[in-house]
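Q: Residues per chain, in single letters:
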Amino acid sequence: QQQVKQSPQSLIVQKGGISIINCAYENTAFDYFPWYQQFPGKGPALLIAIRPDVSEKKEGRFTISFNKSAKQFSLHIMDSQPGDSATYFCAASKGAQKLVFGQGTRLTINP
Amino acid sequence: EAGVAQSPRYKIIEKRQSVAFWCNPISGHATLYWYQQILGQGPKLLIQFQNNGVVDDSQLPKDRFSAERLKGVDSTLKIQPAKLEDSAVYLCASSLGLGAEGRGTQYFGPGTRLLVL
Numbered sequence: 021q022q023q024v025k026q027s028p029q030s031l032i033v034q035k036g037g038i039s040i041i042n043c044a045y046e047n048t049a050f051d052y053f054p055w056y057q058q059f060p061g062k063g064p065a066l067l068i069a070i071r072p073d074v075s076e077k078k079e080g081r082f083t084i085s086f087n088k089s090a091k092q093f094s095l096h097i098m099d100s101q102p103g104d105s106a107t108y109f110c111a112a113s114k115g116a117q118k119l120v121f122g123q124g125t126r127l128t129i130n131p
Numbered sequence: 058e059a060g061v062a063q064s065p066r067y068k069i070i071e072k073r074q075s076v077a078f079w080c081n082p083i084s085g086h087a088t089l090y091w092y093q094q095i096l097g098q099g100p101k102l103l104i105q106f107q108n109n110g111v112v113d114d115s116q117l118p119k120d121r122f123s124a125e126r127l128k129g130v131d132s133t134l135k136i137q138p139a140k141l142e143d144s145a146v147y148l149c150a151s152s153l154g155l156g157a158e159g160r161g162t163q164y165f166g167p168g169t170r171l172l173v174l
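Keeping their order, the protein sequence lines are chains D and Y. Just so we're on the same page, my numbering is the position in the first sequence counted from 1, plus 20. Just so we're on the same page, my numbering is the position in the second sequence counted from 1, plus 57.
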């Protein structure tokens with residue numbers, strides 16, 4: 021029940037296209053859902069996060085969509101750029117408890 | 058503002074040997090985390106400190122792993138003896154305090170890549 025399932029494992033998108041990564045969770049007590057971006061040789065960096073009282077949050081080209089009833093949330097990257105090529109992790113936590121990470125999605129943006 | 062510092066960046070050891078990793082969190086950050094990231098997987102929390110006290114070590118293999126955070130600043134993570142399955146990246150993160158966002162936002166270091174032969 022502590023798992024966060026992420027899909028797809030890898031994704032290839034053309035430059036300018038929309039990248040979509042999905043996550044699903046079981047624990048309805050989770051109340052914080054961040055997305056992290058990780059480049060090779062670097063630690064994960066917080067990209068954007070959402071709480072379950074809103075259905076969507078947008079920051080620049082990055083949008084989180086949240087469906088509380090389906091226990092799913094997704095990351096949309098609009099106008100994807102080669103510099104967005106990285107591994108993306110969704111995560112979830114309950115209050116001050118530890119982050120539970122998804123398996124990761126390796127995103128490649130072709131120029 | 059300097060980020061989370063970790064050393065060494067890479068370490069190769071043979072099984073049954075011991076190894077130690079060091080982490081220096083962002084100045085003023087009271088909460089420190091150690092994660093294990095196995096290739097192709099998301100990070101998994103090993104231990105969480107609040108100042109120099111342990112908040113959560115439920116996923117730390119205590120028969121071989123140990124961690125300490127003396128004086129509530131730097132931290133070391135030790136593995137003794139190492140097994141082949143310990144090959145992973147060990148990430149340190151810190152946050153201002155507890156809490157899911159704001160004060161609880163976690164900032165990660167670059168990690169230490171461990172290979173056990």
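Since the hints were derived computationally from the structure, they do not count as laboratory data. Treat the numbers as computed from the prediction; the structure is a model and nothing was measured. Hints are supplied without guarantee of correctness; some may be wrong.
As the list claims (entries may be wrong) - Derived lysine-lysine pairs resembling DSS-like cross-links, with alpha carbons at most 30 Å apart:
hint, chain 1, residue 1, chain 2, residue 2
1, Y, Lys128, D, Lys88
2, D, Lys78, Y, Lys119
3, D, Lys114, D, Lys88
4, D, Lys77, Y, Lys128
5, D, Lys91, Y, Lys101
6, Y, Lys135, Y, Lys72
7, Y, Lys72, D, Lys114
Q: Are the Cα positions of lysine 78(D) and lysine 119(Y) separated by 30 Å at most?
A: Violated, at about 42 Å.
Q: Holds or violated: lysine 135(Y) with lysine 72(Y), Cα cutoff 30 Å?
A: 14 Å, holds
Q: Does the structure keep lysine 72(Y) and lysine 114(D) at a Cα separation of 30 Å or less?
A: Measuring from Cα to Cα gives roughly 36 Å; hence the hint is violated.
Q: Tell me if the straight-line CA distance from lysine 91(D) to lysine 101(Y) falls inside 30 Å.
A: Holds. Lysine 91(D) to lysine 101(Y) sits at ~21 Å (cutoff 30 Å).
Q: Under the criterion that the straight-line Cα-Cα distance not exceed 30 Å, is the pair lysine 114(D), lysine 88(D) satisfied?
A: Satisfied, since the Cα-Cα distance of roughly 15 Å is no more than 30 Å.
Q: Take a quick look at whether lysine 128(Y) and lysine 88(D) sit within 30 Å of each other, Cα to Cα.
A: Cα-Cα ~42 Å, so violated.
Q: Does lysine 128(Y) lie within 30 Å of lysine 77(D) when you go C-alpha to C-alpha?
A: 39 Å, violated
Violated hints, listed in ascending order, are 1, 2, 4 and 7; each of the other numbered hints is respected by the structure.
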